[in-house]
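Take the sequences, apply the hints, and build the full model.
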Amino acid sequence: MHEMGIAEQLIKIAIDSIPQDIGNPKVEKVNLKIGKLASVVEHSLTFCFEIATKDTPLENARLDIDFIPVTVHCKSCDNNWEVTGPVFKCPFCEDGDVEMITGREIEITSIELVD
Amino acid sequence: MEINIQKRVLEANETEADINRKFFNEQNVFVLNMMSSPGSGKTETLCKTLGKLMPAIRVGVVVGDICTTNDADRLEVTGAKVTQINTDQFGGDCHLAANLIIDSAKQLGCDDIDLLIVENIGNLVCPAEFDIGEDARAVVLSVTEGEDKPLKYPLMFRVADVAILNKIDLLPYLDFDAKLAVDNMKQVHPHLPVFEISAKTEEGFDPWLEWLKIKVFEKTGK
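Quick note, the sequences are listed as chains R and E, same order.
Number 41 in this note's numbering belongs to position 41 of the first sequence; there are no gaps in the numbering.
Number 1123 in this note's numbering belongs to position 123 of the second sequence; there are no gaps in the numbering.
Hints were generated in silico from the structure; no laboratory data involved.
It cannot be assumed that every hint is accurate.
[Said to hold, decoys possible] No farther apart than 30 angstroms at their CA atoms in a straight line, the calculated lysine-lysine pairs in the DSSO-like style are these:
1) Lys75/R to Lys1219/E
2) Lys75/R to Lys1007/E
3) Lys33/R to Lys1186/E
4) Lys1215/E to Lys1081/E
5) Lys1213/E to Lys1022/E
6) Lys1152/E to Lys33/R
7) Lys1179/E to Lys1106/E
8) Lys1213/E to Lys89/R
9) Lys1022/E to Lys75/R
10) Lys36/R to Lys1186/E
11) Lys1052/E to Lys89/R
12) Lys75/R to Lys33/R
13) Lys1186/E to Lys75/R
14) Lys12/R to Lys1106/E
15) Lys12/R to Lys1007/E
16) Lys33/R to Lys1007/E
17) Lys1007/E to Lys29/R
18) Lys12/R to Lys1022/E
19) Lys1007/E to Lys36/R
20) Lys36/R to Lys1152/E
21) Lys1081/E to Lys1022/E
22) Lys1007/E to Lys54/R
23) Lys75/R to Lys1215/E
24) Lys1022/E to Lys1052/E
25) Lys12/R to Lys33/R
26) Lys1081/E to Lys75/R
27) Lys1007/E to Lys26/R
28) Lys1213/E to Lys75/R
29) Lys75/R to Lys36/R
30) Lys1179/E to Lys89/R
31) Lys1215/E to Lys89/R
32) Lys1186/E to Lys1215/E
33) Lys1179/E to Lys36/R
Structure (structure tokens):
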């Protein structure tokens, strides 16, 4: 539900990162990293992005999303593993204190301009 | 031409959250972000909690809803300082962002409170994503929902520091398996403290109040 806010933020970051000396810049691609546990729905983000980029240098740009797996670390037994469902219990020591390493990213990694 | 950026999209909110955290630390206020789906009984839980904490602990509440001041009206009866955020003025947002919290906290005044509770908008998805500069996050689940909610909304239960299972007075009339619900929470967050309570009958309140009092004391010394 908050994808419009995320779309607006990433458009702002993208526009701010375009060098001032480029006349009439046109962005064709925005590369993103989104963790699989981040609350972002791809279709909603794409939909909001299309609307919010109208009349900006990002109009008609495409979002290229690299989905980051959820990986966790057990502070008790020092093991790392990938979580593919909602279960975060340590499979090695059963009762470990686990922390997330990756999977919550919502990051813009780069933009690609039309030459 | 590719321009390298490497920036967190929610960085603006995270910066605001850090400003909030600094402000709350200076004010010596413990901040609890309370989240749940709509109708889990957050407001009733808060009304009863405030009644038992005050006046020993001085409490302020920021209540978020899309519309109405109904929750603020109920909470004001407890004697706590209360301010309401209606997000329809801000586009009907599904969560409270950090910048809204600081404005409300300043409007409320934090110099004469020890505990600020933010009753977030009823939603198990979006509020989990937004840091508001809180010290702890509580999630409320009620027995009229489903035992599998922690598995369906893992981020919320993953980011929580404490969980409340509310409306346990209704258990005799439902097929809800409380043990399974708590087990599911622990699958997502193995060491999550879970308190089973009834905001209506006040059953099970003491351990929850004890947890909250210790947290407030650890930060504020009060």
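Against the structure, the hints:
no. : hint                   : result
1   : Lys75/R to Lys1219/E   : holds (25 angstroms)
2   : Lys75/R to Lys1007/E   : holds (28 angstroms)
3   : Lys33/R to Lys1186/E   : holds (28 angstroms)
4   : Lys1215/E to Lys1081/E : holds (20 angstroms)
5   : Lys1213/E to Lys1022/E : holds (21 angstroms)
6   : Lys1152/E to Lys33/R   : holds (23 angstroms)
7   : Lys1179/E to Lys1106/E : violated (41 angstroms)
8   : Lys1213/E to Lys89/R   : holds (28 angstroms)
9   : Lys1022/E to Lys75/R   : holds (28 angstroms)
10  : Lys36/R to Lys1186/E   : holds (20 angstroms)
11  : Lys1052/E to Lys89/R   : violated (35 angstroms)
12  : Lys75/R to Lys33/R     : holds (26 angstroms)
13  : Lys1186/E to Lys75/R   : holds (16 angstroms)
14  : Lys12/R to Lys1106/E   : holds (28 angstroms)
15  : Lys12/R to Lys1007/E   : holds (11 angstroms)
16  : Lys33/R to Lys1007/E   : holds (10 angstroms)
17  : Lys1007/E to Lys29/R   : holds (16 angstroms)
18  : Lys12/R to Lys1022/E   : holds (26 angstroms)
19  : Lys1007/E to Lys36/R   : holds (18 angstroms)
20  : Lys36/R to Lys1152/E   : holds (14 angstroms)
21  : Lys1081/E to Lys1022/E : holds (21 angstroms)
22  : Lys1007/E to Lys54/R   : holds (22 angstroms)
23  : Lys75/R to Lys1215/E   : holds (23 angstroms)
24  : Lys1022/E to Lys1052/E : holds (28 angstroms)
25  : Lys12/R to Lys33/R     : holds (17 angstroms)
26  : Lys1081/E to Lys75/R   : violated (40 angstroms)
27  : Lys1007/E to Lys26/R   : holds (20 angstroms)
28  : Lys1213/E to Lys75/R   : holds (27 angstroms)
29  : Lys75/R to Lys36/R     : holds (22 angstroms)
30  : Lys1179/E to Lys89/R   : holds (17 angstroms)
31  : Lys1215/E to Lys89/R   : holds (25 angstroms)
32  : Lys1186/E to Lys1215/E : holds (21 angstroms)
33  : Lys1179/E to Lys36/R   : holds (28 angstroms)
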